[in-house]
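Could you slot chain B onto chain A? The hints should help.
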Amino acid sequence: VSDQPLVLCVDDDEDILALVEIRLGSAGYEVVTANDGLEALEAARERRPSVVILDMMMPRLNGLDTLAQIRADPQLADVPVILLSARVQEEDVRRGLAAGADAYVIKPFKFGELEDAIERLLYGAGGF
Amino acid sequence: MGQSIESGTRNAKYRLRRYADYCEHRYIVVSSLPASSGLGPAVKVRLRSASAAWAAGVVGAVAIGCYYLIPAHAQDVLYVVIGLASVAAVEWGALRNLESGRHRLAWHLFAAGLLLQVAGDFTSGYWEIFRNAQPPLPSIADGFYLAGYPLLVAGAFAIPRRSSPLLAGTALLDTLVVFLAVLLFQWVYFVDVPDVSGLHSLGARLVATAYPVMDAVLLVAVGQLMVPSVLRTRAYRLLILSIALWVVADEVYALTSTSYNGGWLDALWLASYVCWGCAALDRSVAELEDAPRDPLARLTPVRLTLLAAALIAAPVLIVARRAAHDSVPVSVGVIAGLIALGAMGRFVGLIRTVDRARLAEQEVRREAEVAERLLRFQNDRLRELDRLKDEFVSAVSHELRTPLTSISGYAELLRLDEKNPERRRYLDIVERNAERLISLVSDVLFAARLQDGRLQLIVEPVDLQQLIVHAADAARPRAASTGVELVVRADEPLGVEGEPERLGQLLDNLVSNAIKFTPDGGRVSITGARDGDLVRVEVSDTGIGIAPEESERLFERFFRSQVALERQIQGTGLGLYISKAIVEAHGGRIGVSSTQGEGTTFMVELPAAS
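For the record, the sequence lines run as chains A and B. Read in our numbering, the first sequence has 2 at position 2, and its numbers run on one by one without any break. Read in our numbering, the second sequence has 136 at position 136, and its numbers run on one by one without any break.
Derived from the structure by calculation, the hints contain no laboratory data. All C-beta atoms in this analysis are idealised placements derived from N, C-alpha and C, irrespective of residue type, glycine included. Incorrect hints may have been included.
[As the list claims (entries may be wrong)] These stretches of chain A come out as covered by chain B in the derived footprint (C-beta under 8 Å, 3 or more residues):
# : stretch
1 : 6 to 16
2 : 105 to 117
[To be verified] Far from chain A by the CB rule (all over 10 Å, computed), these chain B residues:
#  : residue
3  : Asp76
4  : Arg131
5  : Leu173
6  : Trp264
7  : Leu404
8  : Arg523
9  : Gln570
10 : Gly591
Just chain A, with the same shape it has in the complex (with noise of 0.2 Å):
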């Protein structure tokens, strides 16, 4: 087991999902990717992640349900969540925020705006 920080990332684009590994990896972060909700779950569960990368809009199972059933989980309860999602609207980003996560991110974005929300939810706001 490695000390570095888990990341759960979940995305159903490939592409991006990558982008975040690559950029997260070399930031010195440990990820574990998943490509919807039912995988997310079943990896957070196996592992339990430091933080997690949630998208919205996902088949089976989205990422609001996901966060609900993360929130429900008791192990999972209190594991950031961070919202990185390409839904804009402030409808959206009030309802993911009322659903239980703790930052909002919204694509595209510049990897330096995810990685601040990551430091903050880790390390607090202080920071290191």
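Chain B alone, transformed into the frame defined by chain A:
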């Protein structure tokens, strides 16, 4: 003598000059009236017309007074003279006071009817003067008299009405019922009596029957005139009075014919003549026909009373006859039956009217229901379309953003590892254009929501000074890359009520616009200051400026200035449209002033937080 002629001539000349003076004076007086007045002449005419009616009345009254001071034969002459004068007055009044032939018809008929009465008077007067006797029954005089009545009645009916056919029909039916009731009494007390049935000739019996019938008809004519909502003018009252006087005189004469000695009754007939003439002479005769009328047939209390009285006429008559131990003639039954039929007709008419009204109401209600259902359907459909459009816009936005995420993300990734400066520049271009596409997608989505009127602000206290500093900081790298100097002047807190994100978007738009349109080495300055109840923000540049004819259209959707197109300055034409919408949603104003080649200043005013 010569002197007297001379003096006479001088006198005449003097008089002529006085007359000329008078004319001139009058002319001057008239011309000195203010043009807008117009009151003077109207008042004069009214006075003259009123005085004509009054004069006729006074002269008539004096003549009637004289009638009782002169010998019998002279009385006959004066009687005819008064009658003729009245006929002349009616004609003259009609010609003077009424304009068209249609309106004059009634009064021509009155005049003709009265003239026949005068002819009757003349004939009986002739008998009295030259034969020293009453005319026989029947005589030519009766012919004249009886021929006159229908004309008088026709006159009363010929006064133009504005009521609907239905209303006129109802009024006619009411009149008929009342007429039958009157006729009932006339018949029983004046026609079906031994005095008449004992007359030797058929002609005499017919004439004796005709008078009471004519009086009944004349009474009905009065009833017609009294149909509600006729304007109660003086002419109207005089006309009613004249007919009433006539009928009363006739009735009293019929009741007392055996003992009549030519006394006071003549005064009633003469007064009737005079009143008729006065009615025509009075100017208000013109308003008689312009009476505003009730659009609905109503059972007014007066009408109801009249109809009720008509209905109980027969029973009352029968009881009265029985009480007096008189026989009840068959005619009572016949006329009572006719009254019952008339009342029945009225009843049926009422029920039909109510039915029609109810049907019409049902029809209207059904139509309203259909219209309401249609409206609801259209509403639902519109809402559905709205929802679909909304979903479409947001889906398109989502679908565009997803591939853009990969494009810009991988370009960024490549650029980080790229050592070759030329390739790094190429990747920069890819990234920059991806940025453009992203902001275009954002603006289009935002504009679509604006157009739906769904820009709902989540308002909180905002310090505009901080937002200005933020916007300037964000724009600084880009300004630096084109050598544009960025100056911020906002020294005090600028509190407003607003949504920070939208206000930030507004400032970003204005500042990036200014930088875009300012050539290398230029300057962009942002100032913020409080001005009374307002917070004023100005973004000015030393750029290429805007043509005056274009500054009007600057805030329109997708508008791009000629210079922007020529110099290929990037943009979608949505930034200022969105900026304006944001400012207006905050209750503020945005404006622009520009000098071509020197620069442009955008001014924003927002209400300051209290």
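Tested hints:
1. 6 to 16: holds (count 3)
2. 105 to 117: holds (count 6)
3. Asp76: holds, 107 Å
4. Arg131: holds, 115 Å
5. Leu173: About 72 Å separates leucine 173 of chain B from the closest Cβ of chain A, which puts it past 10 Å; holds.
6. Trp264: The claim stands: tryptophan 264 of chain B keeps its Cβ more than 10 Å from every Cβ of chain A (closest is about 100 Å).
7. Leu404: Violated: least Cβ distance 5 Å, not greater than 10 Å.
8. Arg523: holds, 29 Å
9. Gln570: Non-interface label on glutamine 570 of chain B holds, nearest chain A Cβ at 18 Å vs cutoff 10 Å.
10. Gly591: Holds, since 29 Å exceeds 10 Å.
Hint compliance for this structure: hint 7 is the single one not met.
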